[in-house]
Amino acid sequence: MDIQELAEKLQQEGVVKGKEAYEKHVAEAEKKAQEILASAHAEKKEILEKAQKEAESLLENARQNIRLSARDVVLKLKEEISRILRSIVNQKAKKALDDQQILKDWMLAVIQSHGKKQGFGLEIAEKLGEEFKKQLQEELGIEILRQKNLHGFRLQDVQGQQIEITPESIEEALLPFLSGLVKEIIQEKKN
-2 MDIQELAEKL QQEGVVKGKE AYEKHVAEAE KKAQEILASA HAEKKEILEK AQKEAESLLE
58 NARQNIRLSA RDVVLKLKEE ISRILRSIVN QKAKKALDDQ QILKDWMLAV IQSHGKKQGF
118 GLEIAEKLGE EFKKQLQEEL GIEILRQKNL HGFRLQDVQG QQIEITPESI EEALLPFLSG
178 LVKEIIQEKK N
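So the sequence shown is numbered by our numbering: it starts at -2 and just counts up by one.
Just so you know, these hints were derived from the structure itself, not from any lab. Watch out, some of these pointers could steer you wrong.
Unchecked claim - Simulated crosslink set (DSS-like; lysine-lysine; CA at most 30 Å straight-line): (1) Lys92 <-> Lys124; (2) Lys145 <-> Lys124; (3) Lys28 <-> Lys41; (4) Lys89 <-> Lys130; (5) Lys91 <-> Lys75; (6) Lys29 <-> Lys16; (7) Lys29 <-> Lys47; (8) Lys145 <-> Lys131; (9) Lys124 <-> Lys89.
With the hints as constraints, model all of the structure from the sequences given.
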């Protein structure tokens, strides 16, 4: 083999080896690129899943806060409606108890419901006046006292049982019905 052939052979072996080295480096680079891509995809998927979970958690927290706020609003609304209705009942009761004829009719109805006039003591509001008291005593034939801080009347029998008709007692008697009415109003608003 002469030098020329040797040089060509070496050159060809060098080209083959260079080509093999090149292909090896390209294959390694492609493999590395695939690994980087796979890692990036996995990281992207992980980030997206984490973001999705955080978004769902935030959404659920927001829903829960809205539910709690709505419940609070409904409770406050019930309280306010109840307060307004109680105030209306109280005002109407006071107005009715200021009317001497209505007051007299109620007293007679309460006394008659007990079936007798004897054995009762009656307390009336002082503001109704002495004249009203005298008329009532003549009509009912029972002892009547005027009380300073009474708005309405209080009837007491000899056993100490007492019936009180005041704006507060009327309000208290109607409260269960008012609560039912408030519930109905709230249910109506929900539908």
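Structure-based check of all given hints:
no.	hint	result
1	Lys92 <-> Lys124	13 Å, holds
2	Lys145 <-> Lys124	7 Å, holds
3	Lys28 <-> Lys41	20 Å, holds
4	Lys89 <-> Lys130	23 Å, holds
5	Lys91 <-> Lys75	24 Å, holds
6	Lys29 <-> Lys16	19 Å, holds
7	Lys29 <-> Lys47	27 Å, holds
8	Lys145 <-> Lys131	17 Å, holds
9	Lys124 <-> Lys89	18 Å, holds
Every hint from the earlier list agrees with this structure, and none is contradicted.
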